[in-house]
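All chains, please: the whole structure from these sequences, using the hints.
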Amino acid sequence: MKTIIMYYTLGGTSKKEAERIASENENVVICEVQQKKKYNIFTAFILGCPKAMKRQVVEIKDVQYDLSDFDRIIFVAPIWAGFPVPAFNAMVNLLPAGKEVEIFMCSGGGEAPKSEEGTKKMIQDKNCKLIAYHNIKVSK
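Using full-length UniProt numbering, the first residue of the sequence shown is number 1, and each one after it goes up by one.
In case anyone wonders, no lab produced these hints; they're calculated from the structure.
Please read these numbers as outputs of a predicted model, since none were measured by experiment.
Treat each hint with caution, since some may be false.
[Unchecked claim] In silico DSSO-like cross-links for lysine-lysine, where the CA-CA straight-line distance does not exceed 27 Å:
no. : residue 1 : residue 2
1   : Lys99     : Lys36
2   : Lys61     : Lys38
3   : Lys16     : Lys99
4   : Lys15     : Lys99
5   : Lys16     : Lys137
6   : Lys99     : Lys121
7   : Lys51     : Lys61
8   : Lys54     : Lys137
9   : Lys99     : Lys2
10  : Lys61     : Lys120
11  : Lys38     : Lys54
12  : Lys126    : Lys99
13  : Lys120    : Lys16
14  : Lys15     : Lys51
15  : Lys36     : Lys51
16  : Lys129    : Lys54
17  : Lys54     : Lys36
18  : Lys99     : Lys120
19  : Lys129    : Lys61
20  : Lys15     : Lys120
21  : Lys38     : Lys16
22  : Lys61     : Lys36
23  : Lys15     : Lys54
24  : Lys126    : Lys54
25  : Lys129    : Lys2
26  : Lys137    : Lys15
Below is the structure:
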């Protein structure tokens, strides 16, 4: 099964989680997703958190892989203000129908109860099969 791990990170925590997942799987491609206009810690709080809560997207740089070439797509992203970061929403928009998807949401609290069902629905709305949703508690 051909697998790609797509991740977005601001401070490096989600990158570490993506690398951990990659080390436990064979034949995976890892792909960092970057915003066209990068946030810093201040703009992430002032601009990013409200966008996350509204499930808005941000423009991301072109992804160097064609997701239709993969059977399984793993997303790794942080939670901001209880919701996935806007870059996660942009990644979901790239999903081709019929893919198996696994999600790893990283946060200091380890849970995102306000957004979990809506996040799962985003995957289902793309006609993809959500095989697992993980809340990962991370420490700084």
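Going through the hints against the structure:
no., hint, in the structure
1, Lys99 x Lys36, "holds (26 Å)"
2, Lys61 x Lys38, "holds (10 Å)"
3, Lys16 x Lys99, "holds (24 Å)"
4, Lys15 x Lys99, "holds (23 Å)"
5, Lys16 x Lys137, "holds (13 Å)"
6, Lys99 x Lys121, "holds (14 Å)"
7, Lys51 x Lys61, "holds (18 Å)"
8, Lys54 x Lys137, "holds (23 Å)"
9, Lys99 x Lys2, "holds (11 Å)"
10, Lys61 x Lys120, "holds (24 Å)"
11, Lys38 x Lys54, "holds (19 Å)"
12, Lys126 x Lys99, "holds (9 Å)"
13, Lys120 x Lys16, "holds (23 Å)"
14, Lys15 x Lys51, "holds (21 Å)"
15, Lys36 x Lys51, "holds (15 Å)"
16, Lys129 x Lys54, "holds (24 Å)"
17, Lys54 x Lys36, "holds (20 Å)"
18, Lys99 x Lys120, "holds (14 Å)"
19, Lys129 x Lys61, "holds (25 Å)"
20, Lys15 x Lys120, "holds (22 Å)"
21, Lys38 x Lys16, "holds (19 Å)"
22, Lys61 x Lys36, "holds (5 Å)"
23, Lys15 x Lys54, "holds (24 Å)"
24, Lys126 x Lys54, "holds (19 Å)"
25, Lys129 x Lys2, "holds (15 Å)"
26, Lys137 x Lys15, "holds (14 Å)"
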